[in-house]
Structures are given as C-alpha cells and as structure tokens.
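Asks: Protein chains in written order, with the working numbering: chain V, 197 to 627; chain R, 1084 to 1420.
A hint or two may mislead.
To be verified - Within a straight-line C-alpha distance of at most 20 Å, the following computed EDC-like cross-link-like pairs (lysine to aspartate or glutamate) qualify:
(1) K1115/R / D1408/R
(2) K1115/R / D319/V
(3) K1235/R / D1364/R
(4) K1111/R / D513/V
(5) K1235/R / D1117/R
(6) K1115/R / E507/V
(7) K1111/R / D302/V
To be verified - Simulated DEER-style distance windows between Cβ atoms:
(8) P1236/R / S293/V: 24 to 32 Å
(9) P1120/R / G497/V: 50 to 58 Å
(10) E292/V / T1339/R: 55 to 63 Å
Bear in mind the hints are in silico, worked out from the structure with no lab data behind them.
Backbone N, C-alpha and C fix where the C-beta goes; we use that ideal spot for every residue, glycine too.
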Amino acid sequence: MASKNLSDSDARSHAPPWDVLVIGGGLAGLCAAIAARRRGVSVRLVESAPLALRGGDARHARNFRAPHEAPTAHTPAAYRADEFLAELRAVSGAPESALARSIVADAAQLPGWLAGCGVRLQDPAAGLIPFSRRTAFLLGGGKAMLNALYATAAGDGVEIGYESVAQGLRAGPDGDWLADFAGGERAARCVVVASGGPGANPAWLSTPDLVFRGGAFSDGRMMQALVESLGVRTVGDPASRHMVAVDARGPKFDGGIVTRITAIPHGLVVNRDGAVLSDPSQNAKPTHYAEWGARIAAEPGGVAWLILDAEGLSRADPIALAPVRAQNLAELARALGLNEAALAGASRLRAAPFFGLPLRAGVTFAHFGLAVDESLRLIGPNGRAMQGLYAAGMIMAANILPRGYLAGLGITLSTFTGRRAGEAAARHVRG
Amino acid sequence: MSAVELERSLRICAACMYCDALCPVFPKLADKRDYDPADLHYLAHLCHNCRTCWDVCQYTPPHVFAVDLPAAFAGQRRRSYAEHVWPRWLAPAFRRPALGAALFALAALATISALMAAPSPWLLMSGLASATLLCACVSLAASALRYWITIKPATPNRRPLRALVDIVTLRHLGGEPGCSAGRQPLHHLMAAGLGLDLVATLSAAALQHIGGIAPPYPLASLPVLAGAAGGLAALTGAAGLLALEARPAPHEPGETALNVVLLSAIALVTASGLALLALRDTAAMRGLLALHLGFVCGLFAMLPASKLLHAPFRAAALWRAAAEDQVGDRRVSSRDG
C-alpha cells in the first residue's frame, strides 16, 4: 500500500506549494532535481516506477558522448567538439541550433560532473570492450549511474516519491502549476517535465506490433496530457522511431540491451510467407542491425525469423535467450511454428544443427517530442514559451534529433537538458 | 537455484556485458554460447559474492528476466562442494548445512565427555585433536584435487606468482570497483588470527614435549602472546564476517547457512580459548579447558564438510584464471576509429 500512501501525500491540496516539482525520475529528472536543489530551492521528484525499476530508459544505457581536446582518463584519444557537432548534424539532418551547440560544449564537463555525483567511469584498459574515442563507458552501466545519482539527490535534500504518478498539469493561481495526482492536486511554483518520450504508450501512437526496449513506466502519458490539455507544441514525426531487430520471445517492455539481435549477418531472415529478406551470400553489403528494425516492422504481422546454421551461430554474438534448435530445417520450421515451405529458402544453410528465433522491431526512442526554447521552456499553443514550465530529457530530444541515431547521445542530452532546466527553474523561483 | 537457472542467467550476462570491468568473472563470458559443467564449477568460484553486479543489474527482479547472479553462483558453489567432496558421504552436508553444525556439536560433546571422564586428559587431548586434524587435512586435499581435475585448464599456468599473490592477498575481495568494504580486512584478520593460534599451539607443544616445560606458561611467553593476539584477531574477524552475512538480498540461504556454521564454530573456538586464558588461574579452568578442546575437536571434525572448502576451490579457480589470462591479453584499441 506504499504507493497509495505516496500518492495521497502528493495530493494534500492544502500543503504549501513545492518550489520545483520534477516529473520523472529518469536521468534528466534526477539532473534537474540535483541542479535545482543545489541552488537552494525545495524540490519534489516524482517517479512513477517502484524503486526497483526506477530511472527510466537510462537504466539500459551504457555510454555517453563527450568531447575532449586531449586524451583523458576515460579515453586515450582526443575527440573535438566540432567533430561531435558535425556528426550530430549529419545524422539528424537538422540545422545546427544554439541548444545543440550548448549541449556539445557543456558535455566536455560531463565526466567531471558525473564523477562529482559518485558516478564511476570504466577504465579504458579494463574489461573487454575496446575503448571508444567518442564515448565514455559507465562502470556497470546506466543503473549504476542512476543509483549514484539517486543517492546524491537524496543526500542533497531532494524529496523523492516512488510509484507517484502525475497525470496532468493545469495553470493555478499566482503563476503556480497544479499537478494532478491520484488523490488530488498539488501546487508547485514551477515544473520540470522529464517523464520520457512517447515510449511505451502504444495506445496513443497505435503500435501493436512493436516491442519497447525501455521500461513500461516511461509511458508518454504525461506528454500526451500536455499536448491534449495545454496544447503544448510538438516537434518531430510521431511515426518515426529508432528501431532495431529484437528477439520476439523477449518481453514487450524493458528488454534493454540483451534482446537486441546482431546475428543477422551470420544467417538469413525469412518472413511469415517464406520470403527471404536477407541472404548475406547474395548481398555483400551487410545491413546494419539498426536498419532491420524498420524492415521487420514492415513485414506481415511485424514479425520475421532469423535462421542460423551451426557455423553461423558460432560467429554470432552470444544470444540471451537460447535459440530454438533442430537437426534439420523441417524440424526447425515445426519448432518455430512455421510452414516447412517457409524455410525452403534457407536450404543453402548446411551445417547442422540449425537454430532459429523470431524477430520483432524494438523501439529505442521516437523522433517525436515537445517543443522547447533555448532555455528548455515548453512552447505553448500560441508559439510562445510557457512561464515556469520546463522540459528535459527524451521528452524534448526530438528538438535535437528529429531523425537518426547517435551512440551515447541520450545520456549527454538528458544530463545537459536536465541540469539546464533545473537551474532555470530555480532561477524562476528565486526571481 | 539450479545449474539450468545459472546457465540461463549467464546467457543474459554474456549478451549484456555491461559488467565486463566489474570483476574477473564477466570477461570469461565473452563469446561464450555454451556452458559445460566444468565451466559452471569454475566460474562459480571466480565469484566471491561481492554482489556489485546485483546492485547495477538492469534485469534483477521484478524484471521478468529475474537475473540474480550472486544467488545462482552461490547455489553452484554448493553443488561444487557436494560433487567434489571426499569422502563422498559428506556431500549431504553441503545440501543441508545443519548437518555440518550437527557434526560440530557431536564431536565437541564426545570430546568434552571423554576429557571430563579421563583421569589424565592431556595425552588423550592431543591425540584426539591431532588425529581429527590429520583426517580433515587428508579429506580437504582430496576434495581440492577432485575439484582441480574437473576445472583444470588445457594450458599450464605460466604466471604462478600472479596467481599466488591473488590467492594470498585476496586481491579481488575488495580490489574490485564497488566491492563491499570490510570483507577483505576482516578475512585477513581472521586468517592471521587463526595462524597465530596455530603458532601458539605448536609452540606450546614444543615447550612441553621438547623443552620439558609443563603448562601453564607465563604471560610473556610465545604460546600465551600468540594465542591471545590470535584469538582476539580471529574472533573480531569472524564476528565481523558473521555480521556481514546479514546483508540484504540477494540471498542464497544455503550458502549463508554454510558461512554462518563455519564462522560460528571459529568464533566459539576463539572465544572459549580467550576465556580459558583469562580464567586459567581459577576453578573454572578445568571445565573451560574441556569446553575449548571440545570446540577445537568439533571444528576439526567439521572442516571437511564446511565452507573451508572454498579456500582451495577458489585458489584453484584463480590458478586457472591466471593460466587463461596469459593467453588472450587485453586488446586496447579504439572501437570507432
């Protein structure tokens, strides 16, 4: 009943307003809460997930992009800010904005800021992954970072509520905002919305065949509420998403990194009707796994099957869920629930035993979000910035990345926009 | 947790690899698609249950993948002990750790009653204790050998010094990023204390049987000084490690019970020894002596069926790790040019 109590405590309408309410306990929300709190205002952070699943999609993150003019402790080679900006421009196709330049310029300080919050980076000589010039690796991954940031936020005096869901916002008296919780409304002087992108809300954007690699709690309902009730402007294309091929036997939500399938170049892919979608022997140019997401989503039923022989499997990266195994292709077809004829095209695979698994398109993030100005203020229906209402993290990422993908950008973008929004909110409160 | 469950978890870990720099276990999973029983026995003893991977894992319960690697490895360690212990009839003690406690209690009671009944217990005492310890050593060596035969690598270890240093200094226990603070110093304290107790016992035996000097020995003598310092150190270490067993989940109740039984036995031996030293000039001396020797014989009798097996098994696993690490030295190259 802890969740009920938390919701009730959020809903005491007679309580004095919080200075800053941060909606969303993911990376951007944590950074906003820490940044605002360190400027002396009271901060309430509400996380819709329970403690064990807190932190939004950053739980599944691994590394972040940070420029550095000279080698650093986390990477032995330089990566200049102008290279970063040029790569961002190339993948996003968007003109360079002041916000993008700020993100890149600030990212040089990011490793130090994270270290100051107890976040540890991986020694490039340790572990197995060859070092990356462009990105720094979090020791233990995103959840380790989130654990450190939650401890820092709590130590700084941020008031944190789990399983606490803000369902909507409306303008209150004196320029305050009223947040709608299960038991009633609570007022805040200003609000940072960091509740994630459209993510795992298939009802809103109608995506029945897709798998969501992020958590089920990053459900985009807050974003939907802001668009529908306050008329907040959006950016990007609601139908455009970064998708990869994932193991269809994995969960609908929260599969993270391990259900991603990178083995396609070592086997072949067939659809429900037996059409061969890929055959590396006939197509010298390997298709990047990221391009497979959209291809699979376009197949009948949004599903396809990867077939490997023993030789292909031995070259593939380890697969988290053991593939279905059979001594011949007919037996494999039966085990996968396919017609024998569906695997006729796989007859060039020769080395028994054979392996197979179903594939679906897994959404990493959407190229769709809320419009913000350079100070992270949300843009209202009249095209003007809304006072005391900020957005940070994946909910506004489409301002920077309206299409494409850049490895390690998520953490860099979320930490910058979170801190910037938290600082702006604190300034707004202090006048 | 079963071996099947461990293998399921390791497949997820091998596909994830976010923990590759946390400890020596994860690099061993690189490019691994299948796990034979020897792999599981080996990997389980490369893990020393620091639980850092549990803290940072994206897939711990309530995630549907429900990965609990520390508990899965702990279960596998108990299977390693049960499958390799010699004589084999000791195997049930690793499935039901209460049996080890029963062995301790039985041997202690038998010793105490024999000592209280005998007119001159000294010879009986040293004979009983030595014979039990000898049996324990033979059993521990045989069990360790059986485990080594299971896991021994194809390549010889050309870095024996590295392996020895890792084994003796407990380098990984506290040396890994995020490793639970305290276990390494407490373990060193306990091991050094038990070593000093051994020095005290041997020096007392030498004084008595070679030097012809009968106990009790003066406060400034080697047996008393080493015994007192060793007892205090071992008791502090054992008590601290016992307190750490109360760490919250993840939880493998069987391994926790094995740890608690052995640590409690060590604590009883050292506490009774210290009490004996403090009260040796009083009427309680004879009773305390019987109690202490009873605990000592109980501990010796229990050793082959106790968590002490982790010492040679982990040493063997570190020896194999050193042999493997020399083969594929680390690639330091950029992944993105």
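Asks: Determine for every hint whether it applies to the structure shown.
Replies: Here is what the structure says about each hint:
Between the alpha carbons of K1115/R and D1408/R the distance comes to roughly 16 Å, so the proposed pair stays at or under 20 Å and holds. About 23 Å separates the Cα atoms of K1115/R and D319/V, which puts this hinted pair outside 20 Å; it is violated. The straight-line distance between the Cα atoms of K1235/R and D1364/R is roughly 53 Å, outside the 20 Å bound, and the hint therefore fails. Taking the CA atoms of K1111/R and D513/V, the gap is near 14 Å; set against the 20 Å cutoff, the hint holds.
Between K1235/R and D1117/R, the direct Cα distance comes to roughly 18 Å. Compliance with the 20 Å bound is thereby established for this hinted pair. Proposed proximity of K1115/R and E507/V is supported: the alpha carbons are some 14 Å apart, at most 20 Å. Proposed proximity of K1111/R and D302/V is contradicted: the alpha carbons are some 37 Å apart, above 20 Å. At about 56 Å, the CB distance of P1236/R to S293/V disagrees with the hint of 24 to 32 Å.
In this structure the supplied range 50 to 58 Å is violated for P1120/R paired with G497/V, their Cβ-Cβ distance being about 40 Å. Between E292/V and T1339/R the CB atoms are about 58 Å apart, so this pair conforms to the stated range of 55 to 63 Å.
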